[in-house]
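Each residue of the sequence shown is one higher than the one before, starting from 4 at the first, in the numbering used here.
In short, the hints are calculated from the structure, not lab data.
One should not assume that every hint holds.
Simulated DEER-style distance windows between Cβ atoms [claimed, not checked]: (1) GLY185 x PRO84: 55 to 61 Å; (2) ARG113 x ASP37: 35 to 41 Å; (3) ARG281 x GLU325: 28 to 34 Å; (4) GLY185 x PRO321: 41 to 47 Å; (5) ARG201 x ASP382: 47 to 53 Å; (6) ARG281 x ASP200: 16 to 22 Å.
Here a beta-carbon is modelled for each residue, glycine too, at the ideal position from N, C-alpha and C.
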Amino acid sequence: METEVGGGAGQQPSPEADRGAVRTALLELLGEVDALAEHFVAELTELAPYRDGVVDRGTLIADAVGTYERILRRMLGMPVPIRLTELSREIGRRRAALDIPLAAITRGTRLHFRVVWQRLAHHCPPDPRSSWQDVPLLLWEAVEEHSGDVHAGFSEAAAALAHERDRDRRRIVETLLDGDGGDEALVGQAAAVLGVDRDDDLVVAFVPAAAQQALAAALRARRGGSGAHVHEWRGGTVVLLRASREVGARPRPPLPPLLREVPCALVPLARGLAQVPRAAHVAAEVAATLPRGARGPCALTSAALDVAAARLGDVREPLVREALGGLLALPAPERMRILEVADAYAATGTVAGAAAAAYCHRNTVLNRLRRLQEVSGLDLTVPREGAVLLLALAALGQRREEPRPAAAAGPARPRGTGTMPG
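Given these sequences and hints, build the entire structure.
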């Protein structure tokens, strides 16, 4: 038995009458947008997160009324006011501000298709041989236009919120780093924006400016999967990594894979977020002593002499003159030979090791160490005198290299004597 729409019994309606029936049904629905909105909200609030009341019912009803007016106007070929297009974008912006996932928003917008289609079928059951077969496409296009504007508004707001949150995160972390860790409220804020617990053990590193490309390459290689927090600070970048419980039990942090080929300063673990500021300051000091040509991280123990030498201040010049004046007065070739052996001995701690490292006979090592003692008054093989001599040599190296960029890369030579060209 055929469905009768606008025609006599047993007759198929004319195309004009059929289209008229479709239009009449759509116009009737346009007058029932309040009922459509109620139906929509009843179904939407059965879905997460709407069932938790994240958006109040009055707002959902008002948004749905405007949405159905837009959808039905579009299907009828009527002008769609700018206020309705803007409403769709505003829905997206408001949902983004409430941190509603985009997937949940998409489920909600697509629910409009079912609500309208069910109500249209109630008004006039679709006949597959009539103009009703075009209605699903018209409805889908109208819903998709609305959905597209909702997504556009969501994306705009999400980008703005992400920028704002990133700015807040940078401001909070920078304030933390510039302080002493004693502000408990600030530590709590920093823990929240970094996504860590205030008592977590953290690996702290400082990447100087000249090594930023190496850091960027390492981050790209891991495509955001490093778990690191990076923050620009004082001309370089502070890198924070949460240490595992097993790592936290060790006296020194292991080398993070992210930093394996990044020239940087790596300092002892910060035992809690409140210790991060001090650790970052220490790391920045260590990074300022990194020699040119470094290829990876430098630990505090490896840079201790250079850091100490950098802190000598007005004492540096007198120390260099008193300890190394005689050495500096020697001809350059002899001075370089002595310093080569001194470097090797400082690195190995034995005459045999120094001879192997310097490719010379052990008697040559002994003779050059003796000559160093003659011109400096300090015996490198005596721990107390050797420490003074190595500190003076580190200070000499810094004096000769000034001005040097704070961002020079990791060690290309063993730390210790600070061998300088003649």
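Okay, the hints, checked on the actual structure:
{"no.": "1", "hint": "GLY185 x PRO84: 55 to 61 Å", "in the structure": "holds (57 Å)"}
{"no.": "2", "hint": "ARG113 x ASP37: 35 to 41 Å", "in the structure": "violated (21 Å)"}
{"no.": "3", "hint": "ARG281 x GLU325: 28 to 34 Å", "in the structure": "holds (33 Å)"}
{"no.": "4", "hint": "GLY185 x PRO321: 41 to 47 Å", "in the structure": "violated (37 Å)"}
{"no.": "5", "hint": "ARG201 x ASP382: 47 to 53 Å", "in the structure": "holds (50 Å)"}
{"no.": "6", "hint": "ARG281 x ASP200: 16 to 22 Å", "in the structure": "holds (19 Å)"}
Hint compliance for this structure: hints 2 and 4 are not met, and every other hint is.
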